[in-house]
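> In UniProt numbering, the protein residues as written are 1 to 540.
Please keep in mind that the hints were generated in silico from the structure rather than gathered at the bench.
Once the Cα atoms are required to be at most 27 angstroms apart in a straight line, the calculated DSSO-like pairs of lysine-lysine come out as:
hint, residue 1, residue 2
1, Lys-337, Lys-289
2, Lys-87, Lys-29
3, Lys-513, Lys-29
4, Lys-418, Lys-29
5, Lys-162, Lys-289
6, Lys-418, Lys-248
7, Lys-337, Lys-284
8, Lys-248, Lys-29
Across the chosen pairs, the derived CB separations fall in these ranges:
hint, residue 1, residue 2, range
9, Pro-280, His-258, 16 to 26 angstroms
10, Leu-19, Thr-499, 26 to 36 angstroms
11, Lys-248, Asp-64, 15 to 25 angstroms
12, Gly-54, Phe-89, 29 to 39 angstroms
13, Leu-19, Pro-516, 27 to 37 angstroms
14, Ser-503, Thr-424, 53 to 63 angstroms
15, Lys-506, Pro-390, 56 to 66 angstroms
16, Glu-381, Pro-526, 22 to 32 angstroms
17, Ile-206, Leu-463, 55 to 65 angstroms
18, Lys-289, Val-357, 27 to 37 angstroms
19, Gly-6, Pro-516, 40 to 50 angstroms
We put the CB at the ideal spot given by N, CA and C, even for glycine.
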Amino acid sequence: MSKSLGDIALELLLPTVVLLHLFFAPYTKVEESFNIQATHDILATGVPFFNSTGILAANYDHVDFPGSVPRTFVGALVLAGLSNPFKGFFSSPASLQLLVRAILGIGNSAALLHLKGAIDTAYGKNAGRWTLPNMFAFGLTTVALRNVIMVKAVAWKKRSSKRRRLALYLLTFAGIVFRSEIAILLAMETLYLMYQQRISITDEIIPAGIAGLVIGLMTTVSIDSFFWQRFPLWPEFVGFYYNTILGKASEWGTSPFHFYFLNALPRLLLNPLTYLICIPESLKGPISKDILIPHLAFVALYSLLPHKEWRFIIYTIPAFTAVAAGGAGWIWTRRAKSHLYRVYSILLIVSTLASFVVSYGLLYVSSLNYPGGDALRRLHEDARMDYRDPVRVYMDNLSCQTGVTRFQQLQPTWHYDKTEDEETLLDPLFWQQFDYVMTETPERIIGAWHPVGTIRSFAGVSLRPENGHVFLPWPGYTGEGSASETVQALQDGYQTIATRTMSVTKGYWPAVKLQPRIYILEREPPPAEHADSDRATAPS
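Build the full structure now, drawing on both the sequences and the hints.
Listed below in structure tokens is the structure:
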């Protein structure tokens, strides 16, 4: 059956949204640091088969900044391999980072569209049209979910057995190579399949588990032992032992048991009708229960660990979205048969549009949260040095956590330093080598420096802004005159609308607040240089 133009437009919408997010928020946060740095180093240096120890030490970021536990290079190697044929079309390393992240985003979009086909089969074509949900393992777990849904939707024994094996194999491989917490999801899915479908242990579970285990271990141990120069090395086991067995993850903060259910999941799903109406409606059918129960069990078990982050349960979002899509499709096809479903349908349309608007509001806020990337871009634009001359730049911890990567280090004659050792940072001689400093705390920088720029970032929302407040600051905002002509015209237009509206609302209007986060400092020339300059300009 040929697709309608509406279906094609909806399918194109998902990768388009991914690329728009990438355009407005092109930088990375600290959670992405290892993979983006590793991808850069592979693209820039290649895989050193000869003199590997020396080349890795000289050119790879993880040698100097290994982190608390080693991470796998498998995803970075695949991503670099997919990006390499296109890198000649990009003029700068910064644009190459956009390519790398776009390929990962498009790959995950493809996995979600693959899942949409299974939802169409399980719930009908109307359901697949509602699947527009908000990484390496994410794509694998999504494809695995697609096979699980097809097993539960299509009663063909031989093909169902193959799909179950593939789903369990993908979950095993993803858990072994990329994220160890997927083992819990694998266990929940396996136990539920054993209970619900009497899955064969000898013909399905054991072959899938052994294949995923062996291929996963061979892949990660061979690749990661080489890049980390430690044999044998299984990064995910090391991370699991360090974070879970030793409990080191708790040092990054803890959250209560209900955090995922009452905080993370509602924020990730965004549209409140997803869990208030759509999922309850969908659970009236058996397929939705089969999809949702293993994922709810995964979230419940993972909630027992004290350290919690939304990214640890991101793999469940396609399942929740799939079930909600089933409920939305059920409501939509019955909108003419019931006044209640007609009201629900109207609410679905309104809430979907509202969620779309809110998501782009959140994207705007997110774009204001990368002061490190904005500061380095600003420094490259404004530095008074000749790019042919060697320049030394120091970037502090906050700068590196909020957007600075090796892709942003544009000038080959510049040296970028991100030393973290506290004792070294207290040595006055250390600071004498730098021409510029990017720092959160300028008062801690030793020596004579003067500010040449201040990068502000998101600091909340004010409902009653002060006079003169800039209502629509742009990423990298430093003050008056820091925006392009187009952005300035947009800011001025919005400023006029907001100011006039405030005269009616008695001063109330939502406005983004910014605060100084990164200061760009330039080293003061030594006194001798001042004296030479005075003599050179003195009248004869």
